[in-house]
Amino acid sequence: MLKVKNLTKNFPRIKAVKNVSFEVREGEIFSLIGPNGSGKTTIIKMLTGLIKPTEGNICVNDIDLSKDPVKAKAQIGYIPDDPFIWSTITGFEFLHLVGALFNIKEKQRNRKIPKLLEIFNLKGIEHSYFEDYSRGNKQKFTILAAFLHDPKVILIDEPIVGLDPKSVDIALEQFKKFTKQGGSILLVTHTLRVAEEIADRIGVLDKGRLVETGTIAELRKKAELEENTSLDDVYLKLTE
Amino acid sequence: MDLIIFEIFKYQFKSVKRYFRSRGIAKLITIFLFLILIFGVGIVIYLVTKNIFVNLQGYENLNIGFYLFIFENYFTVLFFFIVASSIFFLLFSLFRKNKDNLFVSSPNFKVIPGYYLIKTVLASLIPHLALVVPVVIGLNKVFDLSYLQIFFLIFNLTVLMIIAVIVSMTVLLICGKFLLAVSSKNIKLLNLKTLTILCLSLIFAFTVFTWKQIVPSNYFEFWGFDTSATVEIVVKTFGVFPSHPTAMFVFNTILDSSRLMFYYQFLQLGILITLILIFHVVSKWFFEIWQVLQDGSFVARVGIKNKITRRIPQILPRFFKSQTGALLEKEFIVLKRNMKDFVWLLIIVGTWIVLNGIIVVAVRSLSSYGASASNLPSKVYVYEIAMGVYFITALVLRFLLPSFSTERRTAWILGTVPIKLQNVLYAKLFSYGSFFILLGLVITIFNAVAFDMSLLNSYVFGLIFITQIIAVSILGIFLGIIFPSFDSDDAEALSTSIPGLLFTFISILYGGLGALVYSGFIENMQIGQVLLFLFSSIFIGVVMLKSAPYFLRRIEFIKKLEA
Ligand SMILES: Nc1ncnc2c1ncn2[C@@H]1O[C@H](COP(=O)(O)OP(=O)(O)OP(=O)(O)O)[C@@H](O)[C@H]1O
Ligand SMILES: [Mg+2]
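Residue numbers (our numbering), protein chains in the order written: chain A, 1 to 240; chain B, 1001 to 1563.
So that you can see chain B by itself, here it is in the shape it has in the complex (with noise of 0.2 angstroms):
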């Protein structure tokens, strides 16, 4: 069984290399550019890391059970994070339609579970690697440690991620061989749907339990306490987390406890052990919850009445009955019906207005507490602005920027209807664009209410933000027709190529620029400035939409083969 995986990762190693072999240079900048953003990321962890420590250090009175805190905090939300991410990567890979067809007919179909295991881990090594070895460094920076020390907290942490990847492939396949459980012959419980809808609570569940279980303990009992007294406090928060040993291990390692950190390092290896033993029974499932998710909603063959699967019949466009809003409803109905697409958003959305409500509670908790009360907040809305730009940018990049090149292969339609593509493009921007507008204003009506922004403060912060929204969202779609890219279907993939990396870096300067003119508006009135970034911003975001209709006539939706 482990040869043939093997076998296939040989396989893929070679179309690795094939897929160098054409446009090899772009494809390289492409990976060079991915790594210095990477490292970027990496960077900044770095420092957070090593100013914390470094800040923590200079309060006499702060016991060191405070540290373990934060590393408890660190992993779990790493933790957490994998294992969403991993459940979803494979609640879509794992399962789709018509995929893996020749490799589940083979004999060798019992390897498919353990093939994807590997290939997830190997697919979050690298990012989790950026996130993980600057802690390290940081971590190395301050505490001076040793080689050996360095070597295992890796080797510690990496074995977390695994963890983090078993644990997300089991709870998968519990949660569909659960929901096959409970079907009876009738009425079938087992579908995409159902089997996302199952994974989303079970994670909402997951985070408002580990919330309730974080969020009392007050960062202000760790002053002047023993340190053995926090730490039991801590253990006792922290003790039901996956990701506990490891958080004790780098604890310890900083302690320079050599006997703890074994044990610790043991008792992790025992975890996984386990697990891994677990996995392999629940594996088993695997073949028949493939196979029920490989039945479509309702039988195409004429005569078959079932009225539970029936849907009712749509006339399209309901709603707007022109050409360009039958365009515009058809991509409502796509996006709505799409589940990987519909699960992007939430989670891309999800995350976003978490983030925001985090920062909230604790402004208002660290004001409660009078901590520099008085000039925190207007820092906090500039904040608020860059970071809400960058989930846009997300947005964009995920869902407008290869909104075009996903339709190869429905182009013969959208291309031989008498209409112009430019109001595809219109019908395309103002779906997304109107959704992600609504957005902004949830977002800035929000914060306006959460940090009592003054009325003009919170139109200007408005007017910024959602002007920054669209014109990213014309940026995205713009880069997209410029730089159409045909080479793959999938919106992930597109997402991640020089266009997109293109419109990324574009993106988030251009937010902190919208932040910077913010912050000078909060600071020195100076608006002047906003104005000015206003009108540049229309004026490009108008040249950009004026230019389209020239790009958009040299697309041709082929995938061309290389010369």
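With the rest of the complex left out, here is chain A (with noise of 0.2 angstroms):
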């Protein structure tokens, strides 16, 4: 569904990912984990279109997101790692503008938005300005954003920061929810519960290199650790 060849970015000081290739599969949640610094979220924002890549290849659904941004860019939600958005419009009007940009006809943005709102039990705060909601809530608008347009692939920056464990819980369910109906996830975090609970396959990052990739069984293998070492233990022997 999402493939990814190579891909390299060079900022003036710093060479933040070199020659980084994965793929991920349809109904698939795959999580890419490392330090801070590593380069999780540059990949993320090459991904998405936002910086423009120095060497490399991405196809979303067999489109080439260089060649024709626009058709790309309709098959991929993207949660940002930070949840800023224009002050003052309220929550309700940045679904139905995310929606309308997206080419979802008014009726069907009236018929899904009251269903979103009520995954995080948002109902009745939808009416105020983004700059008098809690980070927690900002970051639950932008998560019901990226599911709104049906997208095939979504690409999530640090999904759970700022949540509380409630809303963890129904933030993973979703993404769980979307991949066994067909959906693919790209999940960037370092939070290492998060990937061990729902990523069906794990690639480790450091400084900018993809070191290694696999299900944690086959990473607890290559790092040469027991069973039931938990993946902390594994990520930590990985990026040693």
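Hints are computed from structural coordinates only; laboratory data are not their basis. Only true hints are included.
Computed Cβ-Cβ distance ranges for the label pairs, DEER-style:
1. B:Tyr1390 x A:Asn103: 35 to 43 angstroms
2. A:Glu218 x B:Asn1108: 50 to 58 angstroms
3. B:Val1016 x A:Arg209: 34 to 42 angstroms
4. B:Pro1549 x A:Lys3: 22 to 30 angstroms
5. A:Lys3 x B:Val1041: 54 to 62 angstroms
6. A:Glu218 x B:Lys1097: 43 to 51 angstroms
7. B:Glu1288 x A:Lys3: 56 to 64 angstroms
8. A:Arg209 x B:Lys1193: 50 to 58 angstroms
9. A:Lys3 x B:Phe1034: 49 to 57 angstroms
10. A:Asn103 x B:Arg1337: 22 to 30 angstroms
11. A:Gly37 x B:Glu1492: 29 to 37 angstroms
Beta carbons: idealized from backbone N, C-alpha and C, even for Gly.
Hints in hand, dock the two standalone chains.
Here you go:
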């Protein structure tokens, strides 16, 4: 569903991403983990088209992102690490705006948005300005916006930062449901508990390089650790 | 308390030094261009001052009291200008949400009003000197002052500026305290909106008062009267304004009357000290006002019912049900709800309309006195075009030029939805551009009626003016995407960058060119020039729009850390 080949990004001062290739299949949650500054956000931003890769190739549902960005973007949902939205529009307006920009008819939006609001129990606050929301609530609106247009792939950058425990469970539940219906998720995080809980396969990123990929069991083997060792230990060993 | 302020400024000085460390040359060039711009303004003011007084000295039967009248006018306007701009500067920096959280929560929060006071004075210093020093030099050229007099003139005018800043801060805090005092537990009247409206209406009331006070005094009564009688009239008219001692001081300087000079200098210092004492009292209110202004309009918690602050559910887009329509409505909504932008818009457009009104009144009263009325108006239209483009430049500089750069943190929305970025550009261009065009039409019709322009004349006027508005808008947004800047999220800071200055220069020259073409039309019916001007403007506009997608594809909405 999502194919990434030889992705490289050089910033003026640093090579943030070095020759990274991976694939996320249909119905799969692929998780990239890695320390702060290892290039996770940079990869996600290249996949959304916000940053231009120095080199490499990105295909979404067999559409080349650099060749036909509009068509490719229509297949992607994106949940950013910093849920920043125009401070004087309301959550409700935001969802409608994003829906309209994804070419969803008003009738459909009117049907879908109330349902989405129920997921996180946001009913009652949807008509206040973003600047008045707490961080967690902002984040919830960005999560909902990503599901609005039934994307094929959802790219998630640090999904649970700022969410309360109950909301974390709800969010992860949503992600799982989405892949069950055939969607693919790339989830980038350094909260290993999340990766351990929902990822089908995991890639370990270190200093811009994809060090290993595989299921947890495979990673354990590669790190030459015993069964039942936690992902934390695997991670620490691999990013040493 | 004072030591802390000193420490903060030391820190700020360091951050200025750090600012120049990266891309220092580019930044130095920016500042250099800025200085040139200010210098240019200074030269114009100098020439105007000199010419006014050299000309006035040519009239033998005009008594010298008229000079006082001119000083009073200039300093009243200057004072008012500083007060109004400082009020808005302070309104939107002093109470900005989440901005001074660390400062306010520190034990030194009491120094914040004083700190902002000094900061505002320092920030106003350069533009102020640009407006004041050329006047002093011009006066020196005409009246041959001594060094001591020059020094005291500049000193006096600087104190006037400090007084203006203290007045604006005091007015702001009093307004805030007033709204706080009339609020009850259930009805909260103090928020950024009401505070802005209160300040705006005070400024408006003061403008009306000043107008009523000044305009009825008849220019032509100054002929023939003896000086002391004229001075009496002027003092009666202007005695109520805080700038009065300054005007008297300047007047007595050119009369070489040291005794009165010192009298008015001390009077002014007395006013300053009184104001500082008042400020000391009202600055104690800062903290509670700041706290209340941090409150949002609605509590983001489930289950709270608050009918007053609840907004009517709004489906976006409401009117234009397409992708570009949605973008367009987003621009409108964001502009409409941003108090700061809105006030900026109001200030620029308001100044423009007031200036236009003054010109109409002046030209009409001059022609009613028969002062070479025959050839005056045609020059005036030409001037109106140049001035109009100048104001449009200010609007585009503030709103269109930075409009892509200010989307840095929201680019994750605009950049990931399946639209072409040029549609965002069209939406931005159209939302602001249509408003500017509307303004241009209003001004054109207003002038056509006020000056009794012929149909053909007003038609060509409108055609040139509207074409210029469109071209300048396109140029602004185009330069904004060729040179996007993500160093700041603040539209004002983004306007004062190299691309901003470049835009200002090009646009003002272009405005001048249009005025020239129009004057060629009025005086010699040169229609060919007009057509050439219109077509080349449209051509260049189209070229810019056509090449925009190329530049848009290159933009990455991220801060680039330096190599
Ligand atoms: N706009 C930029 N300009 C220059 N360098 C950048 C830029 N953005 C990121 N970098 C650098 O690229 C590297 C990777 O950053 P990135 O944000 O992708 O890390 P991350 O893995 O998401 O970290 P975290 O876990 O903290 O979110 C870092 O060294 C960072 O300093
Ligand atoms: Mg990150």
